[in-house]
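Participant: In case you want the letters, here they are:
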Amino acid sequence: MKNNFIELEHGAGGKKSEELIGKIRRILSYKGAWKNTGDDGAVLDLNRRGSINRTPTKYDRLVFTTDAFIIDPLFFPGGDIGKIAISGTINDLAVMGAKPLGVSLSLVIEEGFPEDDLMKIVASINKVSRETGTPVVTGDTKVTEKGKIDKIEIATSGVGLAENIIPNGGAKVGDVVISSGDLGEHTAAILASRFNYKTHIKSDSKPLVKEIQSVVKYLHSCKDPTRGGMAAVLNEIAEKSRVKIVLDEKTLPFKKEVVAISELLGIDKFSFASEGRFVATVAAKDADKTIKILQKYNREAKIIGAVERGHGVWLKTSIGSIKRIETPRGKLVPRIC
Amino acid sequence: MGYEKILENIRKKAAKINRPLRFMELCGTHAEAIARHNIKSVLPKNIQLVSGPGCPVCVTDQEDIDVIVGLAKAGIPVACYGDAAGVSGNLGSLEEARRNGADVRIIYDVSEVETPAYRTGRHCNAFLRTRKKTIIFWGIGFETTAPATAWAVKNGMTVFSSHKIFPPAMEILLKNKKNKIDGFIDPGHVSAIIGTKSYEKFKIPQVVAGFEASDVLLAVDMLLDQIISGEYKVQNEYARLVKKGGNKKALELIKSTFDIIDSKWRGLGTIRRSGLKLKKKYQKQDAEFIYKDLILKIRENIKTKPSACRCGEVLQGLIESTDCPLFGKVCNPDNPQGACMVSTEGGCNIEYRYEK
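As you go down the protein sequences, you meet chains A and B in turn. All you need for this note's numbering is the position in the first sequence, starting with 1, plus 244. All you need for this note's numbering is the position in the second sequence, starting with 1, plus 116.
Rather than coming from a laboratory, the hints here were simulated on the basis of the structure. Hints may be right or wrong, so weigh each one.
[Claimed, not checked] Okay, derived cross-link-like pairs now, PhoX-like style, lysine-lysine, Cα gap no bigger than 25 Å in a straight line:
no.	chain 1	residue 1	chain 2	residue 2
1	A	Lys416	A	Lys494
2	A	Lys488	B	Lys156
3	B	Lys161	A	Lys560
[Stated by the list, open to error] Computed, partial: chain B to chain A, Cβ under 8 Å:
no.	residue
4	Met117
5	Tyr119
6	His153
7	Asn154
8	Ile155
9	Ser157
10	Val158
11	Arg215
12	Tyr224
13	Gly361
14	Pro449
15	Asp450
16	Thr460
17	Arg469
18	Tyr470
Virtual Cβ for every residue (Gly too), placed ideally from N, Cα, C.
Could you build the full structure based on these sequences and the hints that come with them?
Facilitator: See the structure below:
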């Protein structure tokens, strides 16, 4: 039954995505002086010999990232494809510890797409751009014949500078795991709007630069749980840091409505995406300070687990058993970002 | 009652009975709940929980899968629930057919097929907007999903029915002397439709249970009570949803739409009066009738591929998934060899995801 075609699973942010990216990377193996090429953003040390000649400064790490967006529906409670498209790229820079310098914007539009909708999307991009002080500095626009793509696709890239990089593999035994707020609301909102559920849940999409910068010195590892949700990102942190992460069912960062939507549709809440939250690990001694600062941005910021010796991500259940949370497999929810 | 207290009761009672006990759960969602909370790990050693044929996709006969994939490949649009698209027959799966150009849509709710939003392609790709042909909805599942299909029929949709009714399968399980079962955890969703009365004819301890960890634990506790007192009856732990007489409206929908026929189950063989077929008055909406010549041709051309997959025995609780020689090796969720590994409610899929 083995076949060689691209499947929806390859784009879902789970195991199969990992495998596909691995295959592509084996061909594109030339990385030059760039580091962290498997993290949310790639890093170039500007002071390093062989990069570029310049006077050394404090912010001397260049971070570069890119992302593409194919959401259905384009407009949803709490945001639209434009807001996600710029926030997603800014957040990928932010979780690496960088302050964004500027982003690019490429639009591929289906013939017949309403201009009003396009301008609404562009206005959302502008709003986030201004809020975060991240100008859109270059771009491209293409239009395809009707039916060749579904409405609109957006790609953004961004560059930023960091003083210290927060690597995905930086978690240490003895750290605690924190989440910047309740998780999964983006997927929940998209699903609710696809199926016309009545709910108060809105997409959590927003830029994270200020929040992360306010606690950046405490963070050992940091990721935004987008596709694949916290199951995918915590497994990535655990694997790259060679540690075990243990969560407690009693302190899981999910709202009732998110759990209800996940159970109604039979989709694992641990794979639900957020577009404006991050999970991070910090030294236990810094945990209270970090949470206190983060709660200024979101009252639901809290400690959700601990980093221990071992491997994998595990959950202490309320009945006292331990079970593993694996990197999600399968299609999950297509076209959420 | 807190978990600790229930577990303590279970431990005491299990020690008192002091012999190995096998309880079979009959609902894919129970299998999922048991795995999700790793309930097996907190139960006393002498209590074994096994999965029965409660995963609707898993028990669907190979021939039905071949027919629906054959129809899709012949250019007829097909809509179905998610897991059903992934299960492979001799002609591959609906998902594979879609990759090769067939029109296959995954839906959560049968009403999506006929809503204006769906027609204009809000849920789907642009090319679907121009579709002209009538979509076949592949109805799959037990009494739980049959009412929705019945509703679809009443609303003029075309249906290919692989629906089954559940109690006849329980009868077959009990007749199989090789299969030692000390009690059933009866399916929560099915019971919400058919009620608890339907199970009273089975002479074995039974508890209808919900899907929280505490529901399953309480069900085990209640089964132990029945064993200690030497009686068998149907107890209802899920009374917040399940009534003795079931859901009258849903039952009436099923009855007025379908005839009960003999039906083939994967692993269990043909079970008398266990399948649901559209009544004759709806034959103009019955894909089996509309496409009978094409279906005959599809059936004639099927070349059965041999497989070492032991799905059939897993479904009867005769072996554990891990006893199958393919499990975890060539057979995994990314490359499933049998239905039990495809469906997220399948015993092998759950075992692989949670207990690897």
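Participant: For each hint, tell me whether it holds in the structure or not.
Facilitator: How the hints compare with the structure:
no.: 1; hint: A:Lys416 x A:Lys494; verdict: holds, 23 Å
no.: 2; hint: A:Lys488 x B:Lys156; verdict: holds, 23 Å
no.: 3; hint: B:Lys161 x A:Lys560; verdict: holds, 21 Å
no.: 4; hint: Met117; verdict: violated, 12 Å
no.: 5; hint: Tyr119; verdict: holds, 4 Å
no.: 6; hint: His153; verdict: holds, 5 Å
no.: 7; hint: Asn154; verdict: holds, 4 Å
no.: 8; hint: Ile155; verdict: holds, 7 Å
no.: 9; hint: Ser157; verdict: holds, 5 Å
no.: 10; hint: Val158; verdict: holds, 5 Å
no.: 11; hint: Arg215; verdict: holds, 5 Å
no.: 12; hint: Tyr224; verdict: holds, 6 Å
no.: 13; hint: Gly361; verdict: violated, 25 Å
no.: 14; hint: Pro449; verdict: holds, 5 Å
no.: 15; hint: Asp450; verdict: holds, 6 Å
no.: 16; hint: Thr460; verdict: holds, 7 Å
no.: 17; hint: Arg469; verdict: holds, 6 Å
no.: 18; hint: Tyr470; verdict: holds, 6 Å
Of the numbered hints stated above, those contradicted by the structure are hints 4, 13, listed in ascending order.
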